[in-house]
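With these hints in hand, go ahead and build the complete structure from the sequences.
Number of protein chains: 2
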Amino acid sequence: MHLHHHPFCPHSRFIRLVLAEYGIEPDLVEQRVWERRPDFLALNPAGETPVIVEQQAPSVPGAAIIAEYLDETRGLALGDRRLLPNGPAERVEVRRLMAWFNDKMFLEVTDHLVRERIYKRYMKADQGGGPPDATVLRAARTNIRYHLKYIGWLAKARNWLAGERMSHADLAAAAHLSVADYLGDVPWDEDEDAKAWYARLKSRPTFRGLLNDSIPGMPASKTYADLDF
Amino acid sequence: MHLHHHPFCPHSRFIRLVLAEYGIEPDLVEQRVWERRPDFLALNPAGETPVIVEQQAPSVPGAAIIAEYLDETRGLALGDRRLLPNGPAERVEVRRLMAWFNDKMFLEVTDHLVRERIYKRYMKADQGGGPPDATVLRAARTNIRYHLKYIGWLAKARNWLAGERMSHADLAAAAHLSVADYLGDVPWDEDEDAKAWYARLKSRPTFRGLLNDSIPGMPASKTYADLDF
Numbered sequence: 004m005h006l007h008h009h010p011f012c013p014h015s016r017f018i019r020l021v022l023a024e025y026g027i028e029p030d031l032v033e034q035r036v037w038e039r040r041p042d043f044l045a046l047n048p049a050g051e052t053p054v055i056v057e058q059q060a061p062s063v064p065g066a067a068i069i070a071e072y073l074d075e076t077r078g079l080a081l082g083d084r085r086l087l088p089n090g091p092a093e094r095v096e097v098r099r100l101m102a103w104f105n106d107k108m109f110l111e112v113t114d115h116l117v118r119e120r121i122y123k124r125y126m127k128a129d130q131g132g133g134p135p136d137a138t139v140l141r142a143a144r145t146n147i148r149y150h151l152k153y154i155g156w157l158a159k160a161r162n163w164l165a166g167e168r169m170s171h172a173d174l175a176a177a178a179h180l181s182v183a184d185y186l187g188d189v190p191w192d193e194d195e196d197a198k199a200w201y202a203r204l205k206s207r208p209t210f211r212g213l214l215n216d217s218i219p220g221m222p223a224s225k226t227y228a229d230l231d232f
Numbered sequence: 004m005h006l007h008h009h010p011f012c013p014h015s016r017f018i019r020l021v022l023a024e025y026g027i028e029p030d031l032v033e034q035r036v037w038e039r040r041p042d043f044l045a046l047n048p049a050g051e052t053p054v055i056v057e058q059q060a061p062s063v064p065g066a067a068i069i070a071e072y073l074d075e076t077r078g079l080a081l082g083d084r085r086l087l088p089n090g091p092a093e094r095v096e097v098r099r100l101m102a103w104f105n106d107k108m109f110l111e112v113t114d115h116l117v118r119e120r121i122y123k124r125y126m127k128a129d130q131g132g133g134p135p136d137a138t139v140l141r142a143a144r145t146n147i148r149y150h151l152k153y154i155g156w157l158a159k160a161r162n163w164l165a166g167e168r169m170s171h172a173d174l175a176a177a178a179h180l181s182v183a184d185y186l187g188d189v190p191w192d193e194d195e196d197a198k199a200w201y202a203r204l205k206s207r208p209t210f211r212g213l214l215n216d217s218i219p220g221m222p223a224s225k226t227y228a229d230l231d232f
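Protein chains in written order, with the working numbering: chain A, 4 to 232; chain B, 4 to 232.
Hints are computed from structural coordinates only; laboratory data are not their basis.
Please read these numbers as outputs of a predicted model, since none were measured by experiment.
Among these hints, one or two may not hold up.
It does not matter which identical chain is meant; a pair holds if it fits inside one copy or across any two.
[What the hints assert, rightly or not] Okay, derived cross-link-like pairs now, SDA-like style, lysine to any residue, Cα gap no bigger than 25 angstroms in a straight line:
{"id": "1", "residue 1": "Lys123", "residue 2": "Gly133"}
{"id": "2", "residue 1": "Lys152", "residue 2": "Phe43"}
{"id": "3", "residue 1": "Lys159", "residue 2": "Ala128"}
{"id": "4", "residue 1": "Lys225", "residue 2": "Asp106"}
{"id": "5", "residue 1": "Lys225", "residue 2": "Asn162"}
Following this line, the structure appears as structure tokens:
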């Protein structure tokens, strides 16, 4: 399996975490989506990461669609560790929270942080490159506080974010927090419950791949790879 | 079943079309999401329409999540008319296109049209109300041409947008086009294939509910309810 991704695209990170839970180690192909390369647009006309490609199968584009596809083709094999529960009502809650983080938190927080602080370093001026926009960053740093609080509230009320078992909801939330954490933009002191929940996830062997990522000339925050942050 | 919706929210219209294909007539509850009413936020913390509520079941929020839930609980009963195909690869294509229209076309076209031309009429100034923003409308009217062309290209290459059978992809595309059509913002003359495909959908009895909708003081375009537009 090939995973077309960017190391700091939060949706790509979500799929890396999901694949790791399945024990799948994909070949990683880095994409810079702002270059709009024709061979990548052929895999995903929407021009967005992540996309998975398996031999003799059509490409599967988009975080939510990949998560459903993996569950449909391999979910039962995970047994008790299945990432999408069996009951329709429980699946609703997992999907609601997965969309909350992949769609809402992305639009309000991580899209801004990653674009302004990372992608723009690599974009040419006509692709939207340049210095980060301070107003946009300020909004993202305000918005993350409310998402962190919601995560803490869920983690305190339940064992995992969507219920008794770890699910796509936890991995989506952790993927988004992980890019903000690399950049030092998570106010961990503001929510002990969210912090304890994230520490549990971060200690999983499946998280190691993300913790090894780095950006040349932009080292990770002190908390990023520290399991006792 | 209750459907919390707005008559001109394209995601709500998508679910009305889906429910009609199942033969379900929900009780409609109109929501003005910009009012952020606490009883509605309790049903969907994201504060967005649509949401379905069945007796003795948790609420199901969001167009994509409702579509999956209905397929999981009632899809098999549709037999050959099932709106999400049985094979994983075919499901990927239906979900990709459903997301294309519900997410991408929404952000680029219908969110702008509906917000600027309809919702703002009902919003107070502190809720974002006021006259439509001409620049935003111009962008939406440019963007719709490319979505219409994509629909035409798919409709010509296949029987329905995602393959041999009608699916969530067709109903999502039709729902978004229908609000633009009410407003007279679909350049039908630019794509005969898209027009012929839409005429097929519009003639279905399941479409009638939408064609009866109207906004006081803002009549529908001439093409809207005309089956031979």
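Comparing the hints with the structure gives:
Taking the closest pair of Cα atoms, Lys123 and Gly133 come within 25 angstroms of each other only inside a single copy of the chain (6 angstroms); across copies the shortest separation is 34 angstroms, beyond that limit. For a Cα distance limit of 25 angstroms, the shortest separation of Lys152 from Phe43 across copies, 21 angstroms, qualifies, whereas the shortest one inside one copy, 37 angstroms, does not. For a Cα distance limit of 25 angstroms, the shortest separation of Lys159 from Ala128 qualifies neither inside one copy, at 45 angstroms, nor across copies, at 38 angstroms. Proximity of Lys225 and Asp106 under a CA criterion of 25 angstroms is satisfied in neither setting, with 28 angstroms inside one chain copy and 36 angstroms between copies.
Taking the shortest Cα distances, Lys225 and Asn162 never come within 25 angstroms of each other, neither inside one copy (28 angstroms) nor across copies (55 angstroms).
The structure is inconsistent with the numbered hints 3, 4, 5, although it conforms to all the rest.
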